[in-house]
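Chemist: Put together the whole structure using the sequences plus the hints.
Number of protein chains: 4
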Amino acid sequence: MTLKFGVIGTGAIGREHINRITNTLSGGKIVAVTDVNNEAVKSVIDEFQLDAAIFPDDHSVIKDPNVDAVLVTSWGPAHEHSVMAAIEAGKYVFCEKPLAATAEGCQRIVQAEMKQGKRLVQVGFMRRYDSGYVELKRVLDSHDIGEPLMIRCVHRNTSSNENYTSDMAVSDTLIHEIDVLHWLVNDEYQSVQVFFPKKTKHALGHLIDPQIFILETKAGIVIQAEVFVNCNYGYDIQCEVIGEDGVAHLPEVSSVVTRKEGKRSTEILVDWKLRFQDAYDKELQDFMDSIRKTGKPNGPSSWDGYIAAITSDACLKAQQTGEKELIQSVEKPVFYQNTPQLSFKQT
Amino acid sequence: MTLKFGVIGTGAIGREHINRITNTLSGGKIVAVTDVNNEAVKSVIDEFQLDAAIFPDDHSVIKDPNVDAVLVTSWGPAHEHSVMAAIEAGKYVFCEKPLAATAEGCQRIVQAEMKQGKRLVQVGFMRRYDSGYVELKRVLDSHDIGEPLMIRCVHRNTSSNENYTSDMAVSDTLIHEIDVLHWLVNDEYQSVQVFFPKKTKHALGHLIDPQIFILETKAGIVIQAEVFVNCNYGYDIQCEVIGEDGVAHLPEVSSVVTRKEGKRSTEILVDWKLRFQDAYDKELQDFMDSIRKTGKPNGPSSWDGYIAAITSDACLKAQQTGEKELIQSVEKPVFYQNTPQLSFKQT
Amino acid sequence: MTLKFGVIGTGAIGREHINRITNTLSGGKIVAVTDVNNEAVKSVIDEFQLDAAIFPDDHSVIKDPNVDAVLVTSWGPAHEHSVMAAIEAGKYVFCEKPLAATAEGCQRIVQAEMKQGKRLVQVGFMRRYDSGYVELKRVLDSHDIGEPLMIRCVHRNTSSNENYTSDMAVSDTLIHEIDVLHWLVNDEYQSVQVFFPKKTKHALGHLIDPQIFILETKAGIVIQAEVFVNCNYGYDIQCEVIGEDGVAHLPEVSSVVTRKEGKRSTEILVDWKLRFQDAYDKELQDFMDSIRKTGKPNGPSSWDGYIAAITSDACLKAQQTGEKELIQSVEKPVFYQNTPQLSFKQT
Amino acid sequence: MTLKFGVIGTGAIGREHINRITNTLSGGKIVAVTDVNNEAVKSVIDEFQLDAAIFPDDHSVIKDPNVDAVLVTSWGPAHEHSVMAAIEAGKYVFCEKPLAATAEGCQRIVQAEMKQGKRLVQVGFMRRYDSGYVELKRVLDSHDIGEPLMIRCVHRNTSSNENYTSDMAVSDTLIHEIDVLHWLVNDEYQSVQVFFPKKTKHALGHLIDPQIFILETKAGIVIQAEVFVNCNYGYDIQCEVIGEDGVAHLPEVSSVVTRKEGKRSTEILVDWKLRFQDAYDKELQDFMDSIRKTGKPNGPSSWDGYIAAITSDACLKAQQTGEKELIQSVEKPVFYQNTPQLSFKQT
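Chains as they are written, first to last, in the working numbering: chain A, 68 to 414; chain B, 68 to 414; chain C, 68 to 414; chain D, 68 to 414.
Rather than coming from a laboratory, the hints here were simulated on the basis of the structure. From a predicted model like this one, the values you see are computed outputs, not experimental measurements. No false leads were slipped in.
One copy or two, either will do: identical chains are not told apart, so a pair holds if it fits within one copy or between any two.
Distance condition first, Cα-Cα at most 20 Å in a straight line; then the derived DMTMM-like pairs of lysine to aspartate or glutamate:
no., residue 1, residue 2
1, Lys268, Glu328
2, Lys185, Glu155
3, Lys330, Asp312
4, Lys182, Glu398
5, Lys268, Glu214
6, Lys96, Asp118
7, Lys340, Glu229
8, Lys330, Glu319
9, Lys285, Glu311
10, Lys363, Glu155
11, Lys71, Glu155
12, Lys330, Glu307
13, Lys266, Asp312
14, Lys109, Glu83
15, Lys265, Glu307
Modeler: What follows is the structure, given as C-alpha cells:
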C-alpha cells in the first residue's frame, strides 16, 4: 500500500522531503521527478538512489499513471498551476506554502477542489504537527484554562539575509503564526494593526525589524505577535494563550541544563531547521497515513491556504497604512467544515 | 540620628508603614500621628505601643518641631494639600501614590519643591526597590542585551472587588508599570493606544477586563502592557525587555518546586501584598538612609509623580477614544536631573 | 534494500517492534514470525496485515533464507538459545534485554560472535538513542564540564505491580542505568554498595522500595543511583553529571507550562511507555540503517549485554550482603573496541 | 525596649553583625565591645559610629550591667569560655558556630544552661531562617509530599583557600546541612559513611574534594550529602526531599533570565556571602524579637549545637575509617523539647 509520489521541484525543501519519504518515513516512494534545472534532478536521483522517472514538466509528472500523489515544492508563483492540474487529474497534492501567489489563486483552487468533489490537497503548514503546539491545543481543547482571551507570541530568527524584505515578515514569517493560531483557538481573524518599534542595528538598511502585529479575532481574542528576524541570539518561537482560568505556554525546546561559570543555562536553537524537523516528518507521515486509511488528507486544507492568503493581504496593507485594517470575512463551506481538524494522534 | 516621622493617615497602608518603621527598619521613629478617624489613631498607637503625639490635622503634624519627615498615607485627593504644606515647612515627605489627584496638582508640587530649593519629596513607587527590577535594571545598564527595542509586561491580579472600575486599570494598576518602565530604560513616553480583548466572565458587569496598552517611547521602544485584574489564578507581575542583543526577564518569584500527582509545580503568589513586601521595606529604609547620609531622599521624586500623572491622563483618554493618543512632552528640569536615579545598592 | 525480519516472540514488546517496523520506520519488513502461542501469531499478522510466514519455532525462523535479521522478543530465559542460533546462521540479531539469563550465557554469545568473525548482535538498550542522553553525552564528550567526578541519577516509577520483586530493582530497572552510564562517561564499574531507606507505604509487603545504589567506576566516579518504583507521582528519569568544571543535567521532558490556581506547572509523564518511545524508534531505525550502510549493527553490542550482566550480578549480591561488592573486571576485546560507540547522529 | 549587646570578637563576622544590628535591624544596640586586637575594636567603633564602651576581655563585657545580651563572634576555641560565663551571669547569648570546640564542651554548656533554668543561648545556624528552607519545611510539615524517605543535597563552593583541610568539609561545610536537615524532617541521625570520588584537579594537593556523606536517620531516611568546595562554577546549595507522595526541592536562587548568544541563562551566585544574607538578618532580628516578646531566644539552641558536634565527630571518624560509623544517640531533655522549634513567621 505504498503511496507513490511525483515531485515537482527539487530545491532545498524538495530534497528534504524526498529524503524523509525515502529514508525516514514509512509507506511512501518517489517514482517521478521534475525540475526546471536538469542537473538538480539528476543529482537528487543519484544522492538518494531513487528508482524514479525524470519528466520534463509538472503536467507530465501529474499525468504519469504511476503517480498517486504530487509533491509541489517548486517556487511559490508556480504552485497554483501545478495544484490546479493535480486536482483536475484527481490526484492527491501536498503543496508547500504558499498554496498560491494570491488570495484569488487560492480561491480558484478551493473552488476547483470542491467542484472535483473530494479533498485532495494538503498545505505544508507543519506547525500543526509540532508536538508542542499539539499539546498546547490539547490543553486548550480540554478547557483547562477556560475561554482564550489573549495570545502573546514571538517569532524570532537569529538573522535574516539580504534578500529578506519587510513584507516577508508577513509572507514568510508571520504566515506560520497566521495559520497555527486560528487553528489553535478555533476562531477567525477580524482585524490587524502594525507597530514598528525602534529598528535593531543588526537589520540591513532596507528592512523594518522588529515588527509587532496586533490581530483581533471574531470572538474578541487579541493577539500580540512579534516578528523579529535579527534578534541576534537564536531561533525562538514562543506562544502563550491567556484564558479565563489560566495561562498555557508552548514548551521551551528541551535541552541539557548546565551549571558552569556562574550560570545555569539551557541551549536555544540557532538553526531554525532543527526546530520543526519532527513536525515536517509527522505532516508527511500523516498525509500518507490518512490517505491510506480514509482516502483523503487530514492536515491543513486548501481552505486554510486561502485563509492564510486573505490574512496576509490585510497584514501587508496594515504595514503600509499604520491603521487597523479589517480582514475579509469569508464563510467556511460545508465541504471543509466536515473535514476533521486533526485526528492525528500525538504519542 | 533617628528620623522622626509624623504620619498623616492611619488606614491600611499607613499602619503597615508605621509597623515597619517601628519594628523592622532601622533609624526611624513615629512621633506624631493624625487621622480623620480618631479611633483609628488611638488603636494604632496602642497596637504598636507608639510614643507619639496625636494631632487634629495634617498642618499641626507638619508644624510639630519634633517632626523631621512627614508620611502622607491619607486618601489620594488629600495628598496635594499635605505635601504642599510640608514643602512650605521645609520638611521631608514620603507620599504614597498618587502624588496629587491631577497632573496640575503634581506640577504645583514640582514648582513648589524647586522654588524651595532642595529635594524633599519621595513618592511611594516601590517597584524601583524590588530586587527583581533592580537586577533587571542592572542587566540593562550593563548593556548585556544591547539597546532595548521592546518591552512585554503583564500585571495580573487574581480578582478585583466591586469598587474597581475600568479607569482604575490605569490609575491603580498600570500606574506601577508607568513609573517603573521609563525608569528601567531611561526613556520617556510618547503615545499610547488601548486594545480591549474579549472580557473575562470573572469580571463584574461594569468592568472592562483585560485591557492591553501599547505605549511608545521617544526612543521608539514599543511596550505591550497587559492589565488583567481577574485572571483567576494568582498575582503575577511579568516584565521582559527585548534588546538588540538579547532578552532579559524579570525573575519569577522564588518558590519550592514540588513533584506530585503528575505535575512539577512552583507556587504563584495569590496575595499581592506579599509580592512587594521587601520593596516596601527597602524604599522606606532608603528614604531614611539617604536623608541621613546626603540630606535628601534618593527615590522616585515629585517629577516622577508628575510624569506618572501626565501618562495616566493619556492612557485614560486612550481608553475613551480607542485611538493612539499622544503623551504630553515635558522637559525634565535640571533640578531633578541632578538627582541620582537610585544609588541604592542591592545586596 | 529492505531488511527482512524474522520475529521470535509476539508479546507486548514484540508487537510494538512489529508495528514500528511496519508503520513508522523506513527500510524494514516483517517476513517471518513465531511464538509459543499460535493465536498470538495469527492476531499480530491480522492486526498489522503482515505478508509474513508463520513458523513453528525459532530455529525455523532463523533458517528461513528469506530472513536477513532476527528480532528476539521472547521471554528472557529463551534469548540465549535464539541469539546463539542466529549467530551460527550468520544472521543479524536485535535482542531485547537481557541478552541472556546469566553472565555466563552472555559470555558464550560474545565468544560465538567473535568466533563467527563479524558483529551481528545489537541489544535493546534504547536509552543510548534517547535525544536527552545523546545531548548529555555530546556535552560530556565536548569537555564543557571537564572530567566527570560524580553522577546522581534517579529512576522512579509511579507504582509497581505485584510481580515486581526487590531483585527486579536491579534486573529490570537499574539495568538501564547500568548500561547507559558507563557508555555516557566511557568508563567501567568497579564496586557497588546498596542502602535501603525507609520503605514507602505504597510498596507491597514483599518489596524493598526505594533502594539507593552507590557505584564506583575504575576512574573513581561515584554514582548515586536511586531506584524508587512506587514514587506515586510519575515516571521520572533524572541524570546529572558533576564534572571538574561544571554540571550537566539530562533535560526534563518537554511540556506545556500552565499557570492555574496559584501554581505554575509542567506535566510529568505517568506512563513510562511514552518516555522512550522515540528512542525505541531510533534504535531500530539505526539497526537497519547501519546494517545497510556498513554491514553491521552500530548500537549496544553483545559485550555491552555481558557488562550489564556482570554488573547486575554484583548489585544483586550487594543487596544481600549490605557490603561494598567488587564488580568483576573484564578486558574489552579488540573485536568490540573497534566498533564505534555510536555514530548515530542526533538531529 | 532596645536589647543592648556586648560583642566579643570584632573579626569579619563580628563586624557584619554589628553593622546589621546598628544599621539594618530594629530593636538592638551595641553598647560594649572587646577583641584581642585593640585596633580592630577602635576601627569598628569608628566605622559604625558606635556609642559603645571598650572592654579588655570577655568577662568584663559580660559583667557590664549595661549589657543585656552577648554576641560571641570570637574564634571557635574561645566560644565555650564566653558562653559559659554569660550563662553564669544569666545573660542572653548569641554564639556563632561552633558552640564549643568539642562535643564535651557543648555538653557542659547544655548542662549549665539547664541548671541555670532558662533558655539563654542561640547558636548561629542561620539556614533555619533562610526563606527557601522555611518554605521547604512548611511544605514538609503540611504533609503535602507525605513521609520523607530520602534527602539529596549538595553544598558546593566555587573554590577553597589553602587553609581549608579535608576535615573542614565536615566542621565548616557539612555542619550547616547537619544542623538544618534534622530540623527539616524532625528526626535524629543514626549513622554515616563517606565516599571519596575522583579528586578534582582544582583542589589543592592536601585536600580530598569532593566528598559524599551518606547519613541515615533513626526513622530510616537516607541522606546523600555532597560536599564539593572547588566545584569551579559557583556557590550552589541544593536540597531535595523525597517523600512517599512526592518530592520537594529547595528553590533555586531567583535571578533575571536572559536569552543571549544561543543560551537561556540564570545567574548562580559566586560569592557565598550573598546567599544567606537575608537569613543572617532574620536570625538576629528573631533573637531580639523573641527575647522581647517571650523572654527567651527562639532559634537553634545549645542542644542543637551539641547534636551538631556529636554528628560532626562521627563524620570525621567515618572520613578516617571508610566504614559506616554510628552516631551517638542522646535523649533530648524536656528542657529543650518544650522550646518551640521555630515560631518565627516567614512573610
